[in-house]
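*Asks:* Start from chain S and add chain H according to the hints.
Taken in order, these protein sequences are the chains called S and H. With the working numbering, the residue at position 2 of the first sequence is 2, and numbering never jumps. With the working numbering, the residue at position 90 of the second sequence is 90, and numbering never jumps.
Derived by calculation from the structure, the hints in this document are not laboratory data. Where is the CB? At the ideal position from N, CA and C, for every residue including glycine. Watch out, some of these pointers could steer you wrong.
As the list claims (entries may be wrong) - Sample of chain H residues lacking proximity to chain S, with all beta carbon distances greater than 10 Å (derived):
# : residue
1 : Ser24
2 : Glu26
3 : Glu55
4 : Asp66
5 : Ser84
6 : Ala85
Unchecked claim - Below, computed lysine to aspartate or glutamate pairings styled on DMTMM-like, alpha-carbon distance capped at 20 Å:
# : chain 1 : residue 1 : chain 2 : residue 2
7 : S       : Lys44     : H       : Glu1
8 : S       : Lys44     : H       : Glu39
9 : H       : Lys41     : S       : Glu85
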Amino acid sequence: EAGVAQSPRYKIIEKRQSVAFWCNPISGHATLYWYQQILGQGPKLLIQFQNNGVVDDSQLPKDRFSAERLKGVDSTLKIQPAKLEDSAVYLCASSLGVGRRWFGAFFGQGTRLTVV
Amino acid sequence: EDKVVQSPLSLVVHEGDTVTLNCSYEVTNFRSLLWYKQEKKAPTFLFMLTSSGIEKKSGRLSSILDKKELFSILNITATQTGDSAVYLCAVEHNYGQNFVFGPGTRLSVLP
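Just chain H, with the same shape it has in the complex:
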């Protein structure tokens, strides 16, 4: 059965801290891994990763994929209260842009 696991499930930090969120997966016919940020209801797209070892960056956020060890990490440096959200990892598998989500990591950044 296809599975996506995220850790930790929740995390509380203070502004300025650096955090690392983890996503591991077991899926058939892996195609890509996506990170989303979910505030309130709608997940918003952060990154799509398809190749191992190539870091994607957007401001204070960065992510990398290891296809051999089947995991990805999402780093957030110099966290701000606006980073408080649930961060979802989704893995596209098989064909047809079909993907399965992990349970999410709830990040709370305190002032």
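If we strip away everything but chain S, and leave its shape as in the complex, we get:
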């Protein structure tokens, strides 16, 4: 079974530039998560989708971050404009979905973003 795919693996940008990350979840997984993990901290949920609807985006800095999952499969996370404090690993995860038997979420390899 293919895992959660993310790209790019690494990205270095200057502050005030824009960046986008892509995630392809495990086939058949209805729930998709984007997490931000700053060095030395646990992952922090940015946004959770159930199919193409948003379940929770309460911690997403909406003035600069946006995410979409238009067809309920792939998702993109965008930062515009980036700040130095956005330097982190951005993890995408997926799970079977709300109301279905829960085996935990499966994570992609993440994208390491460095803002200089």
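*Replies:* Structure of chain H alone, referenced to chain S:
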């Protein structure tokens, strides 16, 4: 505010030692507690615990949950250098498979 606390934050042991990692939580509408191992970047799923007092085991790893005292422990016996990683505790709360992570425990196993 929902909170997950892990201790210790870092730990250095030698191969063969046994370690116990702690996770305590304060969340609304607790549903389950999950342990993950994070090497490099991607956390990998270890255990999911929903009931108190029932130990889950996988090889040298085991975990148990106490829902009355709101904590869980992860034990690793006969540690190996390959156990070196960050161990993350996550608690599913409310509904909708929404969960919050603790800061992690960084375990280093020396040969």
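*Asks:* All hints are to be evaluated individually against the structure, with a verdict given for each.
*Replies:* Here is what the structure says about each hint:
1. A cut-off of 10 Å between C-beta atoms confirms that Ser24(H) is not in contact with chain S; the least separation is 14 Å.
2. Remark: the non-interface label on Glu26(H) is consistent with the geometry, its nearest Cβ contact in chain S lying 15 Å away (cut-off 10 Å).
3. A cut-off of 10 Å between C-beta atoms confirms that Glu55(H) is not in contact with chain S; the least separation is 18 Å.
4. The claim that Asp66(H) lies off the interface holds: its Cβ sits roughly 20 Å from the closest Cβ of chain S, which is beyond the 10 Å cut-off.
5. Taking the minimum C-beta to C-beta distance to chain S, about 16 Å, the non-interface status of Ser84(H) holds against the 10 Å cut.
6. Taking the minimum C-beta to C-beta distance to chain S, about 13 Å, the non-interface status of Ala85(H) holds against the 10 Å cut.
7. A hinted pair counts as satisfied when its Cα atoms are at most 20 Å apart, and Lys44(S) with Glu1(H) qualifies at roughly 14 Å.
8. This hinted pair checks out: Lys44(S) and Glu39(H) have alpha carbons roughly 17 Å apart, not beyond 20 Å.
9. The straight-line distance between the Cα atoms of Lys41(H) and Glu85(S) is roughly 19 Å, inside the 20 Å bound, and the hint therefore holds.
Checked against the numbered hints given earlier, this structure breaks none of them.
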